[in-house]
Amino acid sequence: MVWQSHFKLILVLVILSCCFSLAGAENTDWDEATALAVLASDTEKKARACQALAVVGGPESVPTLAVLLNDEGLASYARTALEVIDDPAAGAALRSVLPNLDGRLLTGVITSLGVRGDTEAVPALRELVGNSNRSIAGSALVALARIGTEDSMATVVAALNQGPEELRIAAAHAVLFKAEQLMKSGNADQARELGQAVSNAVLPDHILQAASAVGTN
Amino acid sequence: MKKSRRTFLKTAVAATLGMPTIIQASALGKNGAVAPSNRLVMGGIGIGPRGRKVLACFLKQPEIQFVAIADAQEERREIVRRLVNREYANEDCYKCRDMFEILEWDDIDIVQITTGDRWHALGTILASKAGKDIYCEKPCSMTVRESQELADSVNRYGRVFQAGTQRRNVDNFQFAAHLAKSGKLGNIHTVHAGILKLVPDLPWLPGEPVPDPYICDWDRWLGPAPWRPYNKKYVQGRWRGHYDFHGGAGLPEWGSHTIDLCQWAAGADGTMPVEYEYEGDTIIGTYESGIKLVLRLSGFKKEGDWSVPGTCPIRFEGDEGWVEAGDHGNVITSHESLLEGKPEESIYGTDPIKHVRDFIDCVKTREKPAANQDITRNGHIACHVAAIGWQLGRKVQFNPITETFINDEEANRMCSRSRRDPWHV
Chain A
1 MVWQSHFKLI
11 LVLVILSCCF
21 SLAGAENTDW
31 DEATALAVLA
41 SDTEKKARAC
51 QALAVVGGPE
61 SVPTLAVLLN
71 DEGLASYART
81 ALEVIDDPAA
91 GAALRSVLPN
101 LDGRLLTGVI
111 TSLGVRGDTE
121 AVPALRELVG
131 NSNRSIAGSA
141 LVALARIGTE
151 DSMATVVAAL
161 NQGPEELRIA
171 AAHAVLFKAE
181 QLMKSGNADQ
191 ARELGQAVSN
201 AVLPDHILQA
211 ASAVGTN
Chain B
218 MKKSRRTFLK
228 TAVAATLGMP
238 TIIQASALGK
248 NGAVAPSNRL
258 VMGGIGIGPR
268 GRKVLACFLK
278 QPEIQFVAIA
288 DAQEERREIV
298 RRLVNREYAN
308 EDCYKCRDMF
318 EILEWDDIDI
328 VQITTGDRWH
338 ALGTILASKA
348 GKDIYCEKPC
358 SMTVRESQEL
368 ADSVNRYGRV
378 FQAGTQRRNV
388 DNFQFAAHLA
398 KSGKLGNIHT
408 VHAGILKLVP
418 DLPWLPGEPV
428 PDPYICDWDR
438 WLGPAPWRPY
448 NKKYVQGRWR
458 GHYDFHGGAG
468 LPEWGSHTID
478 LCQWAAGADG
488 TMPVEYEYEG
498 DTIIGTYESG
508 IKLVLRLSGF
518 KKEGDWSVPG
528 TCPIRFEGDE
538 GWVEAGDHGN
548 VITSHESLLE
558 GKPEESIYGT
568 DPIKHVRDFI
578 DCVKTREKPA
588 ANQDITRNGH
598 IACHVAAIGW
608 QLGRKVQFNP
618 ITETFINDEE
628 ANRMCSRSRR
638 DPWHV
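Those protein sequences? They're chains A and B, same order as listed.
Read in the numbering used here, the first sequence has 203 at position 203, and its numbers run on one by one without any break.
Quick note: to get the numbering used here, add 217 to the position in the second sequence (first position is 1).
To be clear, the hints were calculated from the coordinates, so they are not data collected in a lab.
From the three backbone atoms N, C-alpha and C, an ideal C-beta is built for every residue, glycine too.
Among the clues, some could well be false.
Claimed, not checked - Anything over 12 Å on all C-beta distances counts as not near chain A; from chain B, calculated:
1) K277
2) P279
3) E292
4) K349
5) F392
6) S399
7) L439
8) V525
9) G538
10) E553
11) Y565
12) D568
13) I570
14) P639
What the hints assert, rightly or not - Derived DSBU-like pairs: lysine-lysine, alpha-carbon spacing no greater than 30 Å straight-line:
15) K312/B <-> K581/B
16) K45/A <-> K312/B
17) K581/B <-> K45/A
18) K414/B <-> K184/A
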């Protein structure tokens, strides 16, 4: 599997385009089994194209990949590529679908914005912390901690002391993650501050123990 | 709200079964058994054929009280429930589909994670966040990033972790590694690891009707892996060879054992090779120390003076001698004198009994077991890096400090995969 030429990139995009155009083709001779097999194969081809774009894709791949963020079968393949394409267009594409998605698909896009460390997503993610779906709210907290700016962390730290226990725990895990990043980058004092913030919250013992250990090893 | 196992057992198990919970005398610490205060309460997450071999070792330990199994497949849940109940002569083992039922019981101390590879790292991370100590079957990660996330999470929450790379605790492999580190072989210049032939990616199996989730919860089985149509062969074990389910093109299958042992023998537990080159069926890694790590895609086939003592063979070569070991329990050396102190007999290489004991001892002392999270991180990254270079078809260079490829964006982009929603860490 060698993905290193522009020719292959173009080939991959052509395959993806063909997959989409085939979806509209008519063939009254097909029986159900054949049609289902083709559909499954079609999905597999798209999945493999996404896997290839995760290695060689650039900004020109982003619009095609973004279409798949609304596809329950292919969204995670598309996100793998969008998480690693080092171009602002990938982050913009992920942010642009936030208002149009819900449930698990929205959770996935939120997670990808966190993986990208997309600072421009912070305002939208702060709003999503208030989402009534706790999975969405929790993933927004994690994403904000991964982005890790002062602004984004203020929201996560505030969540340690408000709302249902499930979200306070999610906030604590997110804060401890950021504290660990700070320790690794040599910012022990800031890390300990975050650990103290977790220690001051009402949380299960094992999380409080982890918080008290921040900066001690 | 966290649940107490006792509360749970009282309200769920006893009520469901419509019968009182009978507590055995041995469970109360009589008849020489371990007292309740010293007991370790255990749950299982994903226990199939290999998992049952591991579980059997846990059940032999006097401190262990196994109470619950979570598995996406009812058939496997029921096999484990019966096995445990037969062992304890009661009906107390609880079974469920959702691992969170187990992770939320705050008096479960340890979990055994023996799902397929796709769940290993995420399961370990979720368990460490829930305050559990973890025994996790190998390979423990699908990617370089998962190897990092696993170790970071276990360290962050101060948990005890043992990867199922049990050969660290198998006598003949231990002897070989100690011999290499003792200096009796001279300066170690080459360590050899047997690995299975690599598989790039198999075609998807044809879609079949998705079963009732109670029988097989396909969504939960897939977990963080990307969606694809259901086929029963996947859940029966034929997920191997599929890129989405089997990390590192299958290289970590044996490599997580044999490369791990080579790292140990080379004094490289805290690092990984800085370069991999590919020559036909052979992958040659080089450590910063100059020691070579040689991986054979098609095995060693008794070449030269190799004896290949069983599956997962390893060989450590110094400038004054060499040693070989494999699953058959043998130790073979270049000179008879090197066998001094050799164990009288060794357990078979696949037997995790001593590895499980090591884990339990460390759970009690809070020390790190032989295949702890940091050793696992490095050994698994060594595997994934080798596999990525093989997939790209070119020599790769790797920085073990930053844990990134050098001047190779494509390789770096292969270090991670997104998890299917809603899973994240």
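Structure-based check of all given hints:
1. Every CB of chain A is more than 12 Å from the CB of K277/B (nearest about 28 Å), matching its label as outside the interface.
2. Residue placement check: P279/B keeps its beta carbon more than 12 Å from all beta carbons of chain A (closest about 25 Å).
3. Look at E292/B: its CB is around 25 Å from the nearest CB on chain A, clear of 12 Å, so calling it non-interface holds up.
4. Residue placement check: K349/B does not keep its beta carbon more than 12 Å from all beta carbons of chain A (closest about 9 Å).
5. Listed as a non-interface residue, F392/B keeps its Cβ farther than 12 Å from every Cβ of chain A; the least gap is roughly 33 Å.
6. Every CB of chain A is more than 12 Å from the CB of S399/B (nearest about 31 Å), matching its label as outside the interface.
7. The claim that L439/B is not at the interface with chain A is violated, since a C-beta of that chain comes within 12 Å of its own (minimum 10 Å).
8. Every CB of chain A is more than 12 Å from the CB of V525/B (nearest about 30 Å), matching its label as outside the interface.
9. Annotated as non-interface, G538/B keeps its C-beta farther than 12 Å from every C-beta of chain A; the closest such distance is 39 Å.
10. For E553/B, the requirement that its beta carbon stay farther than 12 Å from each beta carbon of chain A is met, with the minimum near 46 Å.
11. No beta-carbon of chain A comes within 12 Å of the beta-carbon of Y565/B; the shortest separation is about 36 Å.
12. Listed as outside the interface, D568/B is consistent with that label: its C-beta sits roughly 32 Å from the nearest C-beta of chain A, beyond the 12 Å cut-off.
13. Against chain A, the non-interface label of I570/B holds: every CB pair exceeds 12 Å, the least being about 29 Å.
14. Listed as outside the interface, P639/B is inconsistent with that label: its C-beta sits roughly 4 Å from the nearest C-beta of chain A, within the 12 Å cut-off.
15. Simply put, K312/B and K581/B have alpha-carbon atoms about 26 Å apart, close enough for the 30 Å limit, and the pair holds.
16. Our distance criterion of 30 Å between C-alpha atoms is broken by K45/A and K312/B, whose separation comes to about 38 Å.
17. Simply put, K581/B and K45/A have alpha-carbon atoms about 50 Å apart, too far for the 30 Å limit, and the pair is violated.
18. Taking the CA atoms of K414/B and K184/A, the gap is near 37 Å; set against the 30 Å cutoff, the hint is violated.
Checked against the numbered hints above, the structure violates hints 4, 7, 14, 16, 17 and 18; every other hint is satisfied.
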